[in-house]
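Participant: Assemble chain G onto chain H, guided by the hints.
From first to last, the protein sequence lines stand for chains H and G.
Here the first sequence stands for residues 525 to 829, numbered as in our numbering.
Here the second sequence stands for residues 525 to 829, numbered as in our numbering.
Among the hints, a few may not be true.
[To be verified] With a cut-off of at most 25 Å between alpha-carbon atoms, the simulated BS3-like pairs for lysine-lysine come out as follows:
1) G:LYS703 with G:LYS750
2) H:LYS598 with G:LYS703
3) G:LYS563 with G:LYS598
4) H:LYS750 with H:LYS820
5) G:LYS678 with G:LYS820
6) G:LYS703 with H:LYS563
7) H:LYS678 with H:LYS820
8) G:LYS563 with H:LYS820
9) H:LYS703 with G:LYS563
10) H:LYS703 with H:LYS820
11) H:LYS703 with G:LYS598
12) G:LYS598 with H:LYS563
13) H:LYS598 with H:LYS563
14) G:LYS703 with G:LYS820
If you're looking for bench data, these hints aren't it; they were derived computationally from the structure.
The residues making up each chain are set out below.
Protein chains: 2
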Amino acid sequence: MSMPDLLAVRSFLLDLQQRITSAIAGVDGQPFVADHWQKAPGEPLQGSGITQILEQGQVFERAGCGFSQVRGSKLPPSATQHRPELAGAPFEAMGVSLVFHPRNPYVPTVHMNVRMLAATPASGEPVCWFGGGMDLTPYYGFDDDAVHFHQTCKDALAPFGDDKYPRFKQWCDEYFYLKHRDEQRGIGGIFFDDFQELGFERSFAMMSAVANAFLPAYLPIVERRKATPYGERERDFQLYRRGRYVEFNLVWDRGTHFGLQSGGRTESILMSMPPLASWSYQRPIPAGSPEEQLYKTFLARRDWV
Amino acid sequence: MSMPDLLAVRSFLLDLQQRITSAIAGVDGQPFVADHWQKAPGEPLQGSGITQILEQGQVFERAGCGFSQVRGSKLPPSATQHRPELAGAPFEAMGVSLVFHPRNPYVPTVHMNVRMLAATPASGEPVCWFGGGMDLTPYYGFDDDAVHFHQTCKDALAPFGDDKYPRFKQWCDEYFYLKHRDEQRGIGGIFFDDFQELGFERSFAMMSAVANAFLPAYLPIVERRKATPYGERERDFQLYRRGRYVEFNLVWDRGTHFGLQSGGRTESILMSMPPLASWSYQRPIPAGSPEEQLYKTFLARRDWV
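Excised from the complex, chain H in its bound form (with noise of 0.2 Å):
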């Protein structure tokens, strides 16, 4: 890894943000809006970054999809965990990061992340991983879409390695799962973190086949749902669980709770955060219900491929 490998890296990363905004800007009509960041000086974190959003579009409610990259005089504690060599080393950490909240509950909200940290130890050759993945939280459940979805994430990934997709998809299971609510977040998709065991070339480049993924992975269930009929039963439904995924982000997301905890720029970690979501006390789901199918049949750890 060399600084034309790290400046690679920041150009994928912003093409990836302008690809994936104009994509979604085309779908809904509506522009996002691009703002450019810097943190202060003496801030914990320097860095900067391009938080770009869209409120209250004709197909999407909030979308955000944010590139930042900072750099830090130390690597956290909860970062080298499995890592003692890299404690307290300087580090650079990029990466684009997205969630995406429909308007019609039978369009799922998605998530999407690439990211890439480079630490240099004191004593030793520069060390650069990657992490990244996406998944999908559907209110109303269709088996073609997590279908769709997983095999588009299967089939980026099938280059690196067969055993990559099952390794992630699993890891995905296993992250995006409410411990307080034992509830699956959505029907998964893949997640992988701290990864270089295919050297920097190959990583980069798997790192950025997730990311090419996300567009066909998620677009056409867009296309495909975005006009059906709905009323206040699905938009309520919508609403609640919206709840799950608020909950999920701030208690139990490493990254969040991470970034509110040490100085990360609020307003773009919480652009993850829904337009509007409920809370009611033991909410009924009624037998036989689409509700109930939710719960059943996609919030459960399944291969769909």
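Facilitator: Relative to chain H, chain G alone:
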């Protein structure tokens, strides 16, 4: 502290819950629903409770008031940071906790909690301490309300020493603070924990005085504001500010966070969540508006009495 002492605390707390829910139901016109629950054998925490909840009332959109009593064979490390001699001791905890979310944005959200913890170290006398407090979170600020709320808290603590109100007022300001926003949750109130310095009888009396001050502190404000006309603008701001309530409770509140991560009863813990909350990116606050005044004048650490 003896068995009769524990029964006296339990009896006080159950009666408190009844008095508060009766008074609030009287104001609202809709009764609370009581849900008696018990943890299943084999779960990490043993215990039972009564969750009382009023949803979609006339005055309160969501109001939860819970009593719970739990027993454990080992105090968790988070509870014994300041008392290493109690690490791993069997314990019993009970309390009443409430959060009321009114419908009218001119009526503030309120939180009150009183609790007792008793632990028995392997060699030694049982140790018992009390905690509690209340705090007010307005959407639109009124000096009169803030002064009344704080004065009632101060009066309740006066018989227990002049130092109590200033100490507990400051503790409240420090606790109900959203570090990731650099914002206070509301106008504060009082908060204390780990309290035993007056001995069992007087400490229990102090906790009771705080609990008994809740209705006189809050109800006059509800009566004063509940018929204030409001429109979409105020409702919208209320939903946005409720998002902050969610952020505080899920990210920073030790009870909520610890409870959810350690096997507490999720639906009872999360009765503090608002019925509906919204998020938007860098929402503009018009200069000179009442919304700006909330931030500048009320979400600040101030001496109200």
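Participant: Please verify whether LYS703 of chain G and LYS750 of chain G have alpha carbons no more than 25 Å apart.
Facilitator: Violated, at about 31 Å.
Participant: Hint check: LYS563 of chain G vs LYS820 of chain H, CA-CA at most 25 Å. Holds or violated?
Facilitator: holds (24 Å)
Participant: Take the C-alpha atoms of LYS703 of chain G and LYS820 of chain G, compute the straight-line distance between them, and say whether it is at most 25 Å.
Facilitator: Holds, at about 17 Å.
Participant: Has the given pair, LYS750 of chain H with LYS820 of chain H, been kept, meaning a C-alpha gap of at most 25 Å?
Facilitator: holds (24 Å)
Participant: Measure nothing beyond the straight line between the CA atoms of LYS563 of chain G and LYS598 of chain G; if it is 25 Å or shorter, mark the hint as holding.
Facilitator: Holds. LYS563 of chain G to LYS598 of chain G sits at ~17 Å (cutoff 25 Å).
Participant: Run the distance test for LYS678 of chain G versus LYS820 of chain G: straight-line Cα separation, threshold 25 Å.
Facilitator: With Cα atoms ~24 Å apart, LYS678 of chain G and LYS820 of chain G stay inside 25 Å; holds.
Participant: Does LYS563 of chain H sit within 25 Å of LYS598 of chain H, going by the straight-line distance between their CA atoms?
Facilitator: The hint holds at about 17 Å.
Participant: Between LYS703 of chain H and LYS820 of chain H, is the straight-line Cα distance small enough, at 25 Å or below?
Facilitator: holds (17 Å)
Participant: Does the structure keep LYS678 of chain H and LYS820 of chain H at a Cα separation of 25 Å or less?
Facilitator: Holds - the C-alpha atoms of LYS820 of chain H and LYS678 of chain H are around 24 Å apart, at most 25 Å.
Participant: For LYS598 of chain G and LYS563 of chain H, compute the direct alpha-carbon distance and say whether it is at most 25 Å.
Facilitator: Violated: LYS598 of chain G and LYS563 of chain H sit about 44 Å apart, past 25 Å.
Participant: Do the alpha carbons of LYS703 of chain G and LYS563 of chain H lie within 25 Å of each other, as the hint requires?
Facilitator: The given pair, whose Cα atoms are some 17 Å apart, holds under the 25 Å limit.
Participant: Regarding the pair LYS598 of chain H and LYS703 of chain G, is the alpha-carbon distance no greater than 25 Å?
Facilitator: OK: LYS598 of chain H and LYS703 of chain G at ~21 Å, within 25 Å.
Consistency note: the structure conflicts with the earlier hints numbered 1 and 12.
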